[in-house]
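Asks: What follows is each chain in one-letter form.
Number of protein chains: 2
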Amino acid sequence: MADQWTRFQESLYRSEELGLELDVSRMGFPEGYLDAMRQPMAAAFQAMKVLEKGSLANPDEEWQVGHYWLRAPELAPTPEQRQAIESALAAVKEFAGAVHRGEVSPPGGGRYRNLLLIGIGGSALGPQFLTDALGGAGMRMRPFFLDNTDPDGFARVFEEIGEGLRETLAVVTSKSGGTKETRNGMLAARAAYERAGLEFAPHAVAITKEGSQLHGASAEWLRQFPMWDWVGGRTSVFSPVGLLPAALLGFPVDELLRGAREMDQATRQADTRANPAALLALAWHHAGNGRGDRDMVVLPYRDRLQLFSRYLQQLVMESLGKRLDLRGQEVHQGVAVYGNKGSTDQHAYIQQLRDGPDNFFAVFIEVLDDGAGEPLEVDPGVTCGDYLHGFLMGTRQALAEAGRASLTISLDRLDAAAVGQLIALFDRAVGLYAGLIGINAYHQPGVEAGKKAAERVIALQGKVMEALRSAGRPLTALEAAEAAGEPGEAETVYHLLRHLAANPGRGVTRDAGGAPAEDRFRAA
Amino acid sequence: MADQWTRFQESLYRSEELGLELDVSRMGFPEGYLDAMRQPMAAAFQAMKVLEKGSLANPDEEWQVGHYWLRAPELAPTPEQRQAIESALAAVKEFAGAVHRGEVSPPGGGRYRNLLLIGIGGSALGPQFLTDALGGAGMRMRPFFLDNTDPDGFARVFEEIGEGLRETLAVVTSKSGGTKETRNGMLAARAAYERAGLEFAPHAVAITKEGSQLHGASAEWLRQFPMWDWVGGRTSVFSPVGLLPAALLGFPVDELLRGAREMDQATRQADTRANPAALLALAWHHAGNGRGDRDMVVLPYRDRLQLFSRYLQQLVMESLGKRLDLRGQEVHQGVAVYGNKGSTDQHAYIQQLRDGPDNFFAVFIEVLDDGAGEPLEVDPGVTCGDYLHGFLMGTRQALAEAGRASLTISLDRLDAAAVGQLIALFDRAVGLYAGLIGINAYHQPGVEAGKKAAERVIALQGKVMEALRSAGRPLTALEAAEAAGEPGEAETVYHLLRHLAANPGRGVTRDAGGAPAEDRFRAA
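Line by line, the protein sequences are chains G and L.
If you read the first sequence in numbering that gives the first Met the number 0, its first letter stands for residue 0, the second for the next number, and so on.
If you read the second sequence in numbering that gives the first Met the number 0, its first letter stands for residue 0, the second for the next number, and so on.
Excised from the complex, chain G in its bound form (with noise of 0.2 Å):
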């Protein structure tokens, strides 16, 4: 045990400026690891300098990525492109204070008190992570998300809402404009207001690149901010897209800048002992080989840190799931994550962990400032906050004892500095792992498939409810598919009809048989 505390230390990562602490000393680097791959880092930390500078890291799509830029004006590779952010910036504070004091109001008077935040993918996770890891009872605004395109999910949240919605400020977020779900979770907001007697664009603003469907459909809102195709989805939380929820709720964006600048700056360092995300992306590499064969595992002992695994899925799983490599080889790469909050998975899932398939690896987050006033001593000289720090050193040793990888990023504390930190560290280790692995972190050709496929459904259910009318007599899925001229579809037609005919007012009543071929629709 004398031997790991000489291994914690010789493979740490500390900076008193930051407040950070970055140990790889579980992950189990063969001696002379990090020296192994002095190359293939040199070689990814120089694409990532070209990257920076501006250059077509996405030459598929033709797009520079950007968000680096954002949080660092300074270096854009442009002057317009600076004035862009640094103007973006200044007009989210502008706009937050008005509304916080009260100068945009609701039409009729009165204050705007909620926030219904209406976006799908990077246009909410990266506001939902900021809302849970920096939000609490004294936020100036109430969040609420559409965040999907379920009928369902939008009743409730304006049946939450209620009498609220005269007070409400929408803000409808989309990069392109085109994306459905974001689309219908306007128009259900749009019903809702107009239900309550509300005019919606006074209540509305929009995020949006110019040109754009949604740009174009918000002239006449309350407010248009921008959004640039230099900067992509999952990384865009320091755009406006994440900036104006923070600033709305009254959280500090300057110190939420000023950390992930910070950490963009330490892990520009093209010394991987120096720099915590290459640290973190060689550990991602050694534990799965280089084709993520182990699942990453994120347990942040606290509870303001529990979306921080959803955050990283979306940011870590969209940029390394890929098919190809950047020669155009088939490789099909990626890294799968899931995780929650510690100690609580203490009590799901750890018994796997510690005793099933050594299939994953674990990064332990520990916040060292317990946060909280006035601690509690629950036992003599024990807090609640010396438990859940015991239970992280406990569970961690658990796993090392039965052999499994893990990693600890400790925080002197968790304050907004932090969060922008730990974005900013997980922002470079991907981009670093995927130097090396040799792959374009910056698209996601595979989401095209989902949306396109999904287009075709929505296009076929109109086919085959013309079919069903013409047809005056009831068919099975089969004989729609066929009348529809689309034979090979009726499994897909099986599942439209009786999605309509479960759902009165829709035109479609199910006559139910033995069986799928056996049930038969009628246009009602």
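Worth double-checking, as some hints may not be accurate.
Heads up, simulated EDC-like pairs for lysine to aspartate or glutamate below, C-alpha to C-alpha not over 20 Å straight-line [stated by the list, open to error]:
#1 L:Lys450 - G:Asp378
#2 G:Lys450 - L:Glu400
#3 G:Lys462 - L:Asp378
#4 L:Lys462 - G:Glu400
#5 G:Lys462 - L:Glu376
#6 L:Lys451 - G:Asp378
#7 G:Lys451 - L:Asp378
#8 L:Lys48 - L:Glu73
#9 L:Lys450 - G:Glu400
#10 G:Lys52 - G:Glu73
#11 L:Lys462 - G:Glu376
#12 L:Lys451 - G:Glu400
#13 G:Lys451 - L:Glu400
#14 G:Lys450 - L:Asp378
Now the stretches of chain L that chain G is said to cover, found in silico as 3 or more residues with beta-carbon under 8 Å [unchecked claim]:
#15 114 to 122
#16 129 to 140
#17 300 to 308
#18 335 to 347
#19 438 to 446
#20 478 to 491
#21 507 to 517
In case anyone wonders, no lab produced these hints; they're calculated from the structure.
We put the CB at the ideal spot given by N, CA and C, even for glycine.
Add chain L to chain G, keeping to what the hints say.
Replies: Just chain L, lined up with the frame of chain G:
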């Protein structure tokens, strides 16, 4: 594609009575797979039968496994057990009714409007899932949870409750009564009530087993409800652990129980094709080669089912994540579970599911009834719910095209009975899968290791503090470890001392050095 229509129907489980279909046609079962698995399945059915009759399926802990009796008390092996279940249910309903009618009310008058649930693991995940799945603005009380030992998390909940604490009913749930997180949550709650000038006991209810520490401590509280050795934490949702919160929030507990009971009946069928849980267990077995080689990704297309993956994470991973099989061989079994909700996750990690490693299978959950009153048309003839449904179909199709396995559970509607069904379906699938791979699904030996390690850390903290105080000079972590008689624990001592030093008033200050070995800590 006509093939898919045939394949779909061949292996489909469909029950009009349950309003449920289970489709494993995209799991890639080889020809004759179900027949080939007939023998092992027969053994699993037999083991389940013996278990339900009350055998000691938990031989190392000498407990029966009785969660099936909770929803069909007439099946309990003894009249005492039957009576215990029935009278607990009656007491739950009686108490909830009395609270709703105001017959049980806060000291000083008024009504109980808030419900503070204090528990962790099996005592939290069930109530949390039920609350999200069935709750909304119409709940009879407003729920809050303490499910950790994070003082900052505790403080946040009490801030949110605010002045409402006087009208808050606290329910403390711990079967053994010895769970530290729950004990700490209870102490934090008591302190919060006392700070507000309120007595805790007349606001508090306990759910625990007779003779436990909590049972003794709660003797003077408002009410006590039973837990029993023969119900495990992760299957306790249909005991008072889940039913009391459900009843207090106003959910129809009889419907929940009915759904589970009917699913139990359907899954007692010793014929795989006619048993959805058997098909589910075989799907897991095939996908993971009987060794958990693939993760289970749970994708319900309904906001209300977002926490189901978290519920299943515990149920599946704590049950199946085992080092030894029943013959004592090292097997390191398990199935990793993660997920969130569709179509939201299409914009997060589905990029990786489609293009990344083939290391998972997806469980789609389709709900046919959109469940939200008057539908909103977002395109001509197309509703928000059509899009949700279309995205499910499209994503499933996109995964299938990439050769990724999935299965689909279709529910006619999502109500309390359906939620009961879903839970019971997975309860049984876990039991049958455990039978197939020959492990005990009803203990959790690995959890103890983490708890014991944590206890040692807490004890170490006391020794270190004593050593530091008597040293009379600043000590390094290694010196403090040596002085505490634990020279091998320098790294843990370093973390302990940093944690104490980060929190004012804990009696430790730190003089930072250039490295952990050079930091010096003093008793303040």
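Asks: Does each hint fit the structure? Answer for all of them.
Replies: Hint check results:
Straight-line distance between C-alpha atoms of Lys450 of chain L and Asp378 of chain G comes to about 16 Å, which keeps the hinted pair within the 20 Å bound. Of the supplied pair hints, the one linking Lys450 of chain G and Glu400 of chain L holds, its CA atoms being roughly 14 Å apart against a limit of 20 Å. Distance check on the hinted pair: Lys462 of chain G and Asp378 of chain L sit about 14 Å apart at the alpha-carbon level, within 20 Å; holds. With a C-alpha separation of about 23 Å, the suggested pairing of Lys462 of chain L with Glu400 of chain G is violated against the 20 Å cut-off.
Under the criterion of a C-alpha separation no larger than 20 Å, the hint pairing Lys462 of chain G with Glu376 of chain L is consistent with the structure, at around 17 Å. Distance check on the hinted pair: Lys451 of chain L and Asp378 of chain G sit about 17 Å apart at the alpha-carbon level, within 20 Å; holds. Between Lys451 of chain G and Asp378 of chain L the CA atoms are separated by roughly 17 Å; this keeps the pair inside 20 Å, and the hint holds. Straight-line distance between C-alpha atoms of Lys48 of chain L and Glu73 of chain L comes to about 15 Å, which keeps the hinted pair within the 20 Å bound.
For the proposed pair Lys450 of chain L and Glu400 of chain G, the alpha carbon gap of about 13 Å is at most 20 Å, so the pair holds. Distance check on the hinted pair: Lys52 of chain G and Glu73 of chain G sit about 11 Å apart at the alpha-carbon level, within 20 Å; holds. Proximity of Lys462 of chain L to Glu376 of chain G is assessed by CA-CA distance (about 17 Å); at most 20 Å being required, the pair is judged to hold. The suggested pairing of Lys451 of chain L with Glu400 of chain G holds, with an alpha-carbon distance near 13 Å, which does not exceed 20 Å.
Taking the CA atoms of Lys451 of chain G and Glu400 of chain L, the gap is near 13 Å; set against the 20 Å cutoff, the hint holds. A threshold of 20 Å between alpha carbons decides the hint, and for Lys450 of chain G with Asp378 of chain L the separation of about 16 Å falls inside it, so the pair holds. With 3 residues carrying a beta carbon less than 8 Å from a beta carbon of chain G, the segment 114 to 122 of chain L meets the three-residue requirement, and the given coverage holds. Counting residues of the segment 129 to 140 of chain L whose beta carbon lies closer than 8 Å to any beta carbon of chain G gives 3, which reaches the threshold of three, so the coverage claim holds.
As drawn, the segment 300 to 308 of chain L meets chain G at 4 residues by the rule of a beta-carbon pair under 8 Å; at three or more, the given contact holds. Only residues whose beta carbon comes within less than 8 Å of a beta carbon in chain G count, and the segment 335 to 347 of chain L has 11; three or more means the coverage holds. Chain G is given as covering the segment 438 to 446 of chain L, and this holds because 4 residues of the stretch bring a CB closer than 8 Å to a CB of that chain, at least three being needed. Given a C-beta distance limit of less than 8 Å, the hint that chain G covers the segment 478 to 491 of chain L holds, as 6 residues qualify and 3 suffice.
Only residues whose beta carbon comes within less than 8 Å of a beta carbon in chain G count, and the segment 507 to 517 of chain L has 4; three or more means the coverage holds.
Violated hint: 4 only; the structure is consistent with all others.
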